[in-house]
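Engineer: This is what each chain is made of:
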Amino acid sequence: MLLSAQNISKAFGSFLAVRGADLAVAEGEIIGLIGPNGAGKSTFFNCLAGDTVPTTGRVLFDGIDVTRASAEAHARAGIGRTFQVPATFEDMTVLENVMVGAFLRHHHRGAARETALRIVEMTGLTRQSAQRARSLGTPGRKRLEIARVLATGPRLMLLDEALAGLTPTELQQAIALVRRIHELGITLVIVEHIMEVIMTLAQRVLVFNQGHVIAHGKPREVVANEAVIEAYLGRGHRRRRREAS
Amino acid sequence: MKWSLPALAALLLFYPFILTGPFYWDIGVAFLLAAISASAWNIVGGYAGQVSVGHSMFFGVGAYTPLLFYHLWGLPPVAGVPAGMLVSLALAVAIGMPTFRLQGHYFSMATIAVAELIRIFVGTWDLVGAAIGLQGPAVGRAWWDLTFRSELPYYYIFLAVLAVVLYTTFEVERSRFGYYLRAIKAGERAARSLGVPVRATKLKALMLSAVFTSVAGSLYSIKTGFIDPESGFGILVSVQMVIVAALGGAATLFGPLIGALLLVPLQTATNTWFGGGGSGLTYILYGGIIVLLARFEPGGMHEWWQHVAPRLMRRSHAA
Ligand SMILES: Nc1ncnc2c1ncn2[C@@H]1O[C@H](COP(=O)(O)OP(=O)(O)OP(=O)(O)O)[C@@H](O)[C@H]1O
Ligand SMILES: [Mg+2]
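If you read the protein sequences in the order shown, they are chains A and B.
Sequence positions in the first sequence follow our numbering and run 1142 to 1386.
Sequence positions in the second sequence follow our numbering and run 5 to 323.
To be clear, the hints were calculated from the coordinates, so they are not data collected in a lab.
Treat the hints with care, since some could be wrong.
What the hints assert, rightly or not - From chain B, some residues computed to sit far from chain A (all C-beta separations above 12 Å): (1) V91; (2) Y184; (3) V200; (4) I288.
What the hints assert, rightly or not - Covered stretches of chain B (in silico footprint by chain A; criterion: 3 or more residues with CB under 8 Å from a CB of chain A, positions within the stretch not fixed): (5) 96–109; (6) 191–197.
Please read all numbers here as calculations on a predicted model, not as lab measurements.
Ideal Cβ placement from N, Cα and C applies to all residues, glycine included.
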C-alpha cells in the first residue's frame, strides 16, 4: 500500500469531524471520495497531508509513519494536496507560483524554472504564465493549484474539489488533465461532488458520511447501493448538490 | 528602464559634487542611513511579510557595541562592528524562535515589546552608560578611528554599505530563498503544503535582516560618536524603518531607497521650518504618512508609480 490511514479521528472541541475513518490506497490507483457537505472529507484530507494531526489513528506512507510529521515533511515525502478554497499566492505570477513548488526538488532557479515552464504548459496555463494569480478566476486558480502541486514531484496527489465550478468544456479538459497526471504514474485521491468526474475517473469510491466511511466499492456498485441512496444521498440530494455548486 | 539603474548609481556617486556643502552632505548621509536600515528591514518585514516594529533592537546593538569597545578597552570603534553583528544574530535567533509561532499583529506587538524592554534595561545598565549613553573618541587617534571632520568620507562609506545590502537583496529576490519568502507572505499554509520550511525560512530572513540592521546602527554611532538608549533602541528608530520601506514600496528592491528619498528631505524640511528638536513633530509626520498610505496606496509609491507610469507614457506618446 502506498498510503494507509487507519482509524483516523479528528475532534474540534467535543465535535468529531472525522470518526474512525480508514483508507488504503495502492500505487497507481485513482480513488474517489464522496459525501455530503460537512461529512468530514476536507478534514480527513488535512489529516493525510500533515496539515493537522489527527486525534486518533495513524497514517503510513510507503510504510513509514507520517502521522505527526509536518506538512513540509509530507510534501517532501511525496504527498501533495490542493485546497478546496484555492490558496494561490495572489501577488506572484502564475509561473512563480509553480516555481515555488518546483523549488522543492530543484535548488537552482534555472532548473526550477524549466520544470515550472513544462508544467505550466501541461496544465494549459502558458498564456497566463506572466499574470499575477489574483487575475485568474476560480477555475484558473484551481488549475494553478494542481500545477503547483505537480511541480513538487508528488507520488500521491490529494485533490479537494479541484474540478468544481467548471464549465462543461473546462470540465472535460480537467478530466483529461487528471488522466495525464495519472499516466505519469501519480496516484490520486479525489474529493468531488460532480458524479460525472467520479464515474469516469475513479476505480474505487468511498462514501463519507458524518465522519466515517459508510460504503465503498466500484463506482457503479456504490451509486446503485440502496443503503447509500437511502442513508446518505436521501431524497432531493441531487437537486441540493446542483444548487450548491 | 534599462538606463535607470546606471543613472541612479551615477546620481548617488556624484551627489556630493552636485549639491555641495555640509548641509546637503548631511542630508545625503541621513538618506543613505535610512535607506540601509529600511532595506535591511525589508528582507524580513517586506519580502517575508513579518512586520517587525522592534528592529531598533538590532540597530541599537550595532550602535552600542563599537562605542562600548572604545569605552571599555580603548579599541577603535570599527572593531566592535563584527561583535555587534554576532550579538544581533544571536538576538535574532532568540527572538525569532518563540515569536514566529505568532501570526500577524501578534508578531509585530511582540517585537515592539522586546525592543522596549531592551531600551529600558539598557537605560539602567551602568556598564553601557545607563541613561546617558556612550561616547566615541572625541578626536581621532588615527584614520582607523573613523572620526572625520567632513561628511564626505561617511557618505561614501555608507554608500558602499548600501550597495552591499541592495546587491544581497537582489540575489535573495532571485533565489529559492526569495521565492519562499514571498510564498510565506502570501500564505503560510499553502507554502507549507508545497514543502516550504516556513519557520526556518523566516528565521533565516530575520537573521540576515538583523545583521544588516546592526551594521546600520554601527555606522550611525561611529559617525555621530555618541549613542544613548533613545537614539539606539527607541521606537522611532523601528518605526522609521517601517515607514521608509512602506512609503517607497515594501518587498521591492528599490522601495526603501525611494522611501528614504521622500522621507529624509521631508523630515529635514519640517525640522528646519518648525525649529526641529521636537520629536513630537516626528510622531505627527509618521502618523500622517501611515494614515495616508493605509487610505490611498498600501503598496507604497512603487505600486502607485506602476499605475501612473503607463498613463504618463501613453499621454507623452499621444502628444
Ligand atoms: N477548524 C474547524 N473547527 C471546527 N469545526 C470544523 C473545523 N473544520 C471543519 N469543521 C467542521 O467539521 C465538519 C467537517 O467539515 P469538512 O470541511 O471536513 O467537510 P467536507 O466533507 O469537506 O464538506 P464540504 O463538502 O462542504 O467541503 C463540518 O461540520 C465543519 O463545520
Ligand atoms: Mg470539503
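Engineer: Hint by hint, where does the structure go against what was stated? Just the numbers, ascending.
Structural biologist: 2, 3 and 5
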